[in-house]
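J.: One line per chain: the protein sequences are A and B, in this order. The UniProt record's numbering numbers the first residue of the first sequence as 1 and each following residue consecutively. The UniProt record's numbering numbers the first residue of the second sequence as 1 and each following residue consecutively.
Listed next, the stretches of chain B that the computed footprint assigns to chain A, with coverage defined by at least 3 CB atoms under 8 Å from CB atoms of chain A:
1. 54-64
2. 80-92
With the Cβ distance kept under 8 Å, some of the chain B side facing chain A (calculated, not the full set):
3. V48
4. P70
5. D73
6. L76
The set of hints was computed from the structure by calculation and includes no laboratory data. We treat Cβ as the ideally placed atom computed from N, Cα and C, and that holds for glycine.
Listed here are the chains, written in short residue letters.
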Amino acid sequence: MSTGCHTGDGTDPAAPPGAPRIALVGAPNSGKTSVFNGLTGLRAKTGNYPGVTVSRFVGTSRTGRHRHVIEDLPGTYGLEPVSPDERITVDVLDGRLEGARRPDALLIVVDATALERSLGFAAQVLARELPACVVVTFTDELARRQGRLDTEALAEALGVPVLPVIGHRAVGAARLREQLTTWRTWPVPAVAPPTEPAERDAWAESVLAYAGYRPPERHRITQRADAVLLHPVWGTAVFFAVMALFFQTVFTLAAPLQDRVEELFAWLSGRVDAHVGNPWLSGFLGDALIGGVGGVLVFVPQIMLLFLLLALLEGVGYMARAAFLMDRVMARFGLEGRAFVALLSSFACAIPGIMATRTLPSARDRLATMMAAPLMTCSARLPVYVLLIGLLVDPSARVGPFGAQGLVMFGLYLLGAVSAMLAAWVFKSLGDRHSRPVPFFMELPPYRLPAPRAVLVAMWSSARAFLRKCSTVIVATSVVLWLLLNLPVHTTGQLRAAGDDTADTTAVSAYTADHSYAAGLGRAVAPVFEPLGFDWRVNVGILSAQAARETFVATLGQVAAAEDPEQPEQALRAMTHSGGDRAGQPVFTAPTVAALLVYFVYALQCMATVAVLRRETGTWRWPATAFAYLTVLAWLMAYLARTVTGLLGG
Amino acid sequence: MKGTDGVFGEAGGPGTTAIGSPPLSLADLAPGTSAVVTGVLADGEPAVVRRLHDLGFTPGAVVEVVRRAPLRDPVLYRIKGCEVCLRRAQAVCVRVGEAAR
Numbered sequence: 001m002s003t004g005c006h007t008g009d010g011t012d013p014a015a016p017p018g019a020p021r022i023a024l025v026g027a028p029n030s031g032k033t034s035v036f037n038g039l040t041g042l043r044a045k046t047g048n049y050p051g052v053t054v055s056r057f058v059g060t061s062r063t064g065r066h067r068h069v070i071e072d073l074p075g076t077y078g079l080e081p082v083s084p085d086e087r088i089t090v091d092v093l094d095g096r097l098e099g100a101r102r103p104d105a106l107l108i109v110v111d112a113t114a115l116e117r118s119l120g121f122a123a124q125v126l127a128r129e130l131p132a133c134v135v136v137t138f139t140d141e142l143a144r145r146q147g148r149l150d151t152e153a154l155a156e157a158l159g160v161p162v163l164p165v166i167g168h169r170a171v172g173a174a175r176l177r178e179q180l181t182t183w184r185t186w187p188v189p190a191v192a193p194p195t196e197p198a199e200r201d202a203w204a205e206s207v208l209a210y211a212g213y214r215p216p217e218r219h220r221i222t223q224r225a226d227a228v229l230l231h232p233v234w235g236t237a238v239f240f241a242v243m244a245l246f247f248q249t250v251f252t253l254a255a256p257l258q259d260r261v262e263e264l265f266a267w268l269s270g271r272v273d274a275h276v277g278n279p280w281l282s283g284f285l286g287d288a289l290i291g292g293v294g295g296v297l298v299f300v301p302q303i304m305l306l307f308l309l310l311a312l313l314e315g316v317g318y319m320a321r322a323a324f325l326m327d328r329v330m331a332r333f334g335l336e337g338r339a340f341v342a343l344l345s346s347f348a349c350a351i352p353g354i355m356a357t358r359t360l361p362s363a364r365d366r367l368a369t370m371m372a373a374p375l376m377t378c379s380a381r382l383p384v385y386v387l388l389i390g391l392l393v394d395p396s397a398r399v400g401p402f403g404a405q406g407l408v409m410f411g412l413y414l415l416g417a418v419s420a421m422l423a424a425w426v427f428k429s430l431g432d433r434h435s436r437p438v439p440f441f442m443e444l445p446p447y448r449l450p451a452p453r454a455v456l457v458a459m460w461s462s463a464r465a466f467l468r469k470c471s472t473v474i475v476a477t478s479v480v481l482w483l484l485l486n487l488p489v490h491t492t493g494q495l496r497a498a499g500d501d502t503a504d505t506t507a508v509s510a511y512t513a514d515h516s517y518a519a520g521l522g523r524a525v526a527p528v529f530e531p532l533g534f535d536w537r538v539n540v541g542i543l544s545a546q547a548a549r550e551t552f553v554a555t556l557g558q559v560a561a562a563e564d565p566e567q568p569e570q571a572l573r574a575m576t577h578s579g580g581d582r583a584g585q586p587v588f589t590a591p592t593v594a595a596l597l598v599y600f601v602y603a604l605q606c607m608a609t610v611a612v613l614r615r616e617t618g619t620w621r622w623p624a625t626a627f628a629y630l631t632v633l634a635w636l637m638a639y640l641a642r643t644v645t646g647l648l649g650g
Numbered sequence: 001m002k003g004t005d006g007v008f009g010e011a012g013g014p015g016t017t018a019i020g021s022p023p024l025s026l027a028d029l030a031p032g033t034s035a036v037v038t039g040v041l042a043d044g045e046p047a048v049v050r051r052l053h054d055l056g057f058t059p060g061a062v063v064e065v066v067r068r069a070p071l072r073d074p075v076l077y078r079i080k081g082c083e084v085c086l087r088r089a090q091a092v093c094v095r096v097g098e099a100a101r
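Here chain A stands alone, though its shape is the one from the complex:
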């Protein structure tokens, strides 16, 4: 789940060709990634393994003038693969993967608190007969829980060097980097450990006895927390409370931060007005750049908070619990608990969500989850929802202890989630019925306080992807839109002929917008969206949002600013249909806003998601399917929402 929105070719950064390649192998949750980060200092490059869609993490470890290429292999419990990720680990170890050299040496990462099981894994890896060094993680936790391990004796018993590192904070990474320089001296065990399970157990037992291993006491905090968090009643209640509080927090905590950002852009806008004389340039800077992009950047605090909370829940270990609680529900829809985790990450962004499906052992499950992921409410929908809910619900309205706005937001998240489950179920049922079901198993790691740095890094890498999108796709769409809205240029004569008072800037702006190229475009697609109650301005917003959802906010901001540069907020509320059957009626009536909200719940308006679907499935068939079914569904459900809201409102 920690997969970010990275792309790259997976080649080695800043490492001389021919530098020794050292691979990290270990079970999931063994602290492998922290060891990798400790060695490479987060200067890792990510990409895909050739020919498959499994992400590859490669970095360089520097010690003096030594350079070592470190490769973080996908985590696995054993060398009999059950998922595409695990197959990669085995193929790389055996030198069977084309385009990837067999590693020169191995770092086997084992968790000190689960050494009995980890040694079974280490035995299988040592039997591959590559020079190896064992890294023991979570040694501090072992000591805290009254366990004991003599790492020197363990090294003697295993016949390979053993290095302890502390917890997941990569303390001991410097010694480990030192150790890397001696990789040529790492032995291949003279006698390979047995691989038959009963013999392997006996071997592990004798090794542990020699190393004076005392297993840790049970993790009391985990036991106590799970007694509540996995309780049939309390656990379920806490689960829903966490979800609901999540959104309330995002709204209430983010609001003051958001005001600061808003003030900053208002100030910038003021500077532009005061210092830029040319009305075209001032309009371009104020409306297209500051108004358009600023309108989206205002949501950065909210999005950062969302990513922060997700990173915290993941880091603490609650995500695995959520998967455990939800597995049975997921099974109803033909999926499993891990698919829930992938869908949950899609709350932040569908891209990491789609990439997280890589942990699903079943190809059918994976495809079904990928088709459903775009329905989960991603952070790009957040700005749109905030804007539209603001038009629909009074901010002071309350239902019990909750704000009504927050509840509507929660309802939209729920609608997206339920729809995603149903979509997954349909795709799973339609899929290949002959493939064998893949066994389900999942480890619940102990609750751990995540390293603050790891949480911040996870939050920042996600937020960076959002900011990058703002600075490219959204700036470009915003600029194009501004041009479309302000062209063609009208002469004073034309304005007079239309009966406008040329001294009234608001009237002139409104006339220009109403007769712009954008209006022509919006009116051209009007027959499609007319039944949903959208006017040309909303249509333009929807068309521009096809690239990225947030652009809708920027577009409406621009349209409103074009109509009334002084009070865009007011202009939006007061906006009326400029033609057709509904001429003169307000645009943003409750049924129309409801239809718009529901349209955004379903439509696949994100080019980045389409591109990732193409990359992950290796064919255009799936992104095309997703795009088609989601767009049709969006229209139908929006129509339904409009009808129902119309009936309710009388």
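We have chain A already, so just place chain B on it with the hints.
T.: Using the frame of chain A, we list chain B on its own:
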């Protein structure tokens, strides 16, 4: 979901043993009880057997039933110091000896 039928039919992968009659599986144990694993048996699915072995369900290992999920499936087990959850379909593959409180 896979039933218990057929599990006893034929020997599965390596390390399979079936002791006692009637044989108990992990799925028969109540939360709070412990038992010793006697073998793993999955009809024609050697990958399941090997994965359960890798997770620690090897003959002689002590397994404790920690708790059921609120909707009764999956069930959380403690094995070799780790907490691992399995669905009923996989739990029936793990044969265990007499249960003990």
